[in-house]
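*Asks:* Listed here are the chains, written in short residue letters.
Number of protein chains: 2
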Amino acid sequence: MTRITATYDLESPIGVAAAAAVVAGEQSTGTFTRLAAETDALRARSAARIEDIVITGTSPTPALPTRKTGTSYERGRVTLSWSLDNFGTSLPVLMSTLAGNLFELAELSAIRLIDMQLPGAFATAHPGPQFGAQGTRDLMGGHTGPLIGTIIKPSVGLGPDETAALVATLVDAGIDFIKDDELQANGPHCPFAERVAAVSAVLNAHADKTGKKVIYAFNVTDEIDQMWRNLDLLQAHGGTCAMVCVSAVGLSGLRALRDRSPMAIHGHRAGWGIYSRSPDIGISFGVMQKLWRLAGADHLHVNGLANKFTETDAVIAQSARSVQQPVCASGPAHLAMPVYSSGQTVWQVDPARRLLNNDDFIFCAGGGILSHPFGASAGVMALRQAAQAARDGIDIRAFARQHPELEAAINTFPEPDIAVTQGQNRAS
Amino acid sequence: MTRITATYDLESPIGVAAAAAVVAGEQSTGTFTRLAAETDALRARSAARIEDIVITGTSPTPALPTRKTGTSYERGRVTLSWSLDNFGTSLPVLMSTLAGNLFELAELSAIRLIDMQLPGAFATAHPGPQFGAQGTRDLMGGHTGPLIGTIIKPSVGLGPDETAALVATLVDAGIDFIKDDELQANGPHCPFAERVAAVSAVLNAHADKTGKKVIYAFNVTDEIDQMWRNLDLLQAHGGTCAMVCVSAVGLSGLRALRDRSPMAIHGHRAGWGIYSRSPDIGISFGVMQKLWRLAGADHLHVNGLANKFTETDAVIAQSARSVQQPVCASGPAHLAMPVYSSGQTVWQVDPARRLLNNDDFIFCAGGGILSHPFGASAGVMALRQAAQAARDGIDIRAFARQHPELEAAINTFPEPDIAVTQGQNRAS
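Respectively, the protein sequence lines represent chains A and B. So the first sequence is residues 1 to 428, counted in the numbering used here. So the second sequence is residues 1 to 428, counted in the numbering used here.
FYI, nobody ran anything at the bench for these hints, they're computed from the structure. Here the structure is a predicted model, which means the values were calculated and not measured. Ideal placement from N, C-alpha and C gives every residue a C-beta, glycine not left out. Do not take every clue at face value.
Computed from the model, here is a short list of chain A residues facing chain B with C-beta under 8 Å [as the list claims (entries may be wrong)]:
1. Asp-9
2. Ala-106
3. Gly-282
4. Asp-392
5. Gly-393
Not close to chain B: a few residues of chain A, all C-beta gaps over 10 Å, as computed [claimed, not checked]:
6. Ala-47
7. Val-54
8. Asn-86
9. Thr-97
10. Met-140
11. Ala-198
12. Thr-210
13. Asp-225
14. Val-420
If you want the footprint, here are the derived chain B segments under chain A, 3+ residues with CB under 8 Å [claimed, not checked]:
15. 9 to 23
16. 56 to 69
17. 92 to 102
18. 242 to 248
19. 277 to 290
20. 300 to 313
21. 387 to 400
Using the sequences and the hints, build the whole thing.
*Replies:* Shown next, in the form of structure tokens:
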């Protein structure tokens, strides 16, 4: 495989086939009038090719406002391909090509990038995750099972000492993973350096006592130079994980972080709704997660089953599986860990595991831990018991009869409605 | 002004006022259950405030798919504010807050960020454009009137020598500004270093002969380290302008470029449709251009009047004006130059100037220059004559009677339908 392919769901007033030709032209050799310099030889080597067209329906009205109108709007799925020689393996230029001006074309009344297949040259050219699941476990001093995690709340407003006090409670409760909220970075109320010092003292004392290094994903999101200084500071305090809002710093920002990071990179998707909310415009997570993994994210948020946001369980399942599948057609697989989060309790642990068929995930709960009737420690224990039941294939209610913390949790948190199928990923 | 304000158009199954409270909570102190640590004092200092709510309508169906449903969906405009102390002046964290998780909330069936007002602290904390309009003219060795520009086409496929040959034709034709296509960066067919060497030789020879340094915006878009190497190479060849796809490299990537750039930064919006196409999800240009200017863009694309894409002339006018207005409530104004592009001919020059009330813009035409019946040189001359007529307030048809190049142009290119009003920006 030496070509890059992209698949789009689109709608057009001029028909899907004609629209596909416009997109292929706009995103390769074309301009709106054919120029003398656009020779047949140049087109043969550089033009994007239409690989496949499937018509899926028509509508009397356009999905999005558009300058060009028609009597009807045909909908379909189109696959295009580009030569690797058009732009090499540069991720930003890949983005500008597959997800560039085409989103504004008047010939399209809907356009969504839903799949992208890359040749192995991308997997070889980019560093990918430095740690992945096994490396993340190693950073903790070893670990089995999913990582049970939580997020510091309130999202913003706690000072460094208040944060450290909450962290002390959480590590005593047996937590594996803690993260800053994406709203908390380096604000005047909770400066990064002071938060790192206060929290690291707690984490390091706990590691000295127990041998377990709890992972804290400090939000390093900032300008490039400042992110690098943040990494230096974290390293000086024995930090093992840097969280970054991947959309806020951009693809090149993520890669710059990866290039100098001695620690795991925890990728947060704040702003993801812009790409995901509309069925008529945007980019699927299946596409974006490949770019973020190639650029170096070790962990990627995928929302949670039965979450408080809008993505469906089918999308969550597809997202979580996608980060555990090879990133390119060949070359290093560059697998990342999916991070479940948002309204998660013991009820979601088994389905979250089942759709992956392994334990290589991070499971974040907030109220699901802190609101346990026996306290935070029992909250963590209940989640670990749920993970044990899931791994052993035992029904959560049956397992709860021998495990009082789990039993209290299932009696406290309402059971959500979830339907996911067994995963095809490798077993752990 | 010490608070940051953001205005959203939104739609909700729970009503606009209730939805506004959810957004304010999610993007500041809240979580979905109120925690003990979320004290009144903490809320007072860190909670986002609802400043204004205007109800604009209701719909029986949701604009976007959403997990929460209702019997009707209320639509409205909501203004929220945040304390500067929540996150300081960090642009990526500003993005994660104003345009973060809120886009995914189940309580919203539409959400679009349409305005953002920043305190002067942002204008002081960030470098802003290094050159702006006057600096750009200085880089050319002096210039009056709008910059007449063009884009190398075909978009991708020409080699370095073919590109340089086209540049030679264009500089001989009297062009002021040339840019790479956003698809052309550092691909195997046209490596950046070879293109820079070949093109710069033409530009420098022309400058030696005429004293006029034509600006060529070389597309430096790439990973951070490579962009910095690209700047070094450009500087060694006397380059005066670096083009970057702002969405592809991200906000932190743009700022990293600005911090090391000895030359003007030309901001291209490839992918802009993701933010702009839907009335139900996204971010307005008025918001994004402030972030891009603070991070250092000297020039920003705004599309063109009567363009081949989908933005309306009213949006183009608003976009072009916005980059010439102060970026914050106080502090340095950080003005940038708007770049008009896409299907532009002599007909759009006067309206493009009229909506700004000054000449501080770049006007890019492709076919509008190369398809002039007397050749490229007459094409450039016709555009300059159109700019002269616009500045002097003379009707283009009347002026054309004394200027054969302009006359040929208005007889060749069909007159588009454009309606824009006189601008309120300062006169030049």
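*Asks:* Non-interface claim for A:Thr-210: all C-beta distances to chain B beyond 10 Å?
*Replies:* For A:Thr-210, whose nearest Cβ neighbour in chain B is about 25 Å away, the distance exceeds 10 Å, so it holds.
*Asks:* How does the coverage statement for the stretch 242 to 248 of chain B fare against chain A, requiring three or more residues with Cβ below 8 Å from a Cβ of that chain?
*Replies:* It holds, with 3 qualifying residues against the three required.
*Asks:* Against chain B, does A:Asp-225 keep a CB gap of more than 10 Å to every residue?
*Replies:* violated (7 Å)
*Asks:* Test the statement that A:Val-420 is away from the interface with chain B: the closest C-beta pair must be farther apart than 10 Å.
*Replies:* holds (16 Å)
*Asks:* Given a cut of 8 Å on the nearest C-beta pair, is the interface hint for A:Gly-393 held or broken against chain B?
*Replies:* violated (30 Å)
*Asks:* Can the stretch 9 to 23 of chain B be counted as covered by chain A under the rule of three residues or more with Cβ-Cβ separation shorter than 8 Å?
*Replies:* Violated - the stretch 9 to 23 of chain B has 0 residues with a Cβ nearer than 8 Å to chain A, which falls short of three.
*Asks:* Please verify that hint: A:Asp-9, Cβ, nearest Cβ of chain B, below 8 Å or not.
*Replies:* Hint violated; A:Asp-9 Cβ to chain B Cβ min 14 Å, cut 8 Å.
*Asks:* At 10 Å, judged by beta carbons, does A:Asn-86 keep clear of chain B as stated?
*Replies:* For A:Asn-86, whose nearest Cβ neighbour in chain B is about 5 Å away, the distance does not exceed 10 Å, so it is violated.
*Asks:* Given that the stretch 56 to 69 of chain B was listed as covered by chain A, double-check it with a C-beta distance under 8 Å for 3 or more residues.
*Replies:* holds (count 4)
*Asks:* A cut-off of 10 Å on Cβ-Cβ distance, and A:Ala-198 was said to be off the interface with chain B. Does that hold?
*Replies:* holds (15 Å)
*Asks:* For the stretch 300 to 313 of chain B, count the residues whose Cβ lies under 8 Å from any Cβ of chain A; is that count three or more?
*Replies:* holds (count 6)
*Asks:* With a cut-off of 8 Å between beta carbons, are at least three residues of the stretch 92 to 102 of chain B near chain A?
*Replies:* holds (count 9)
When held up to the earlier numbered hints, the structure conflicts with 1, 4, 5, 6, 8, 9, 13, 15 and 21 and fits the remainder.
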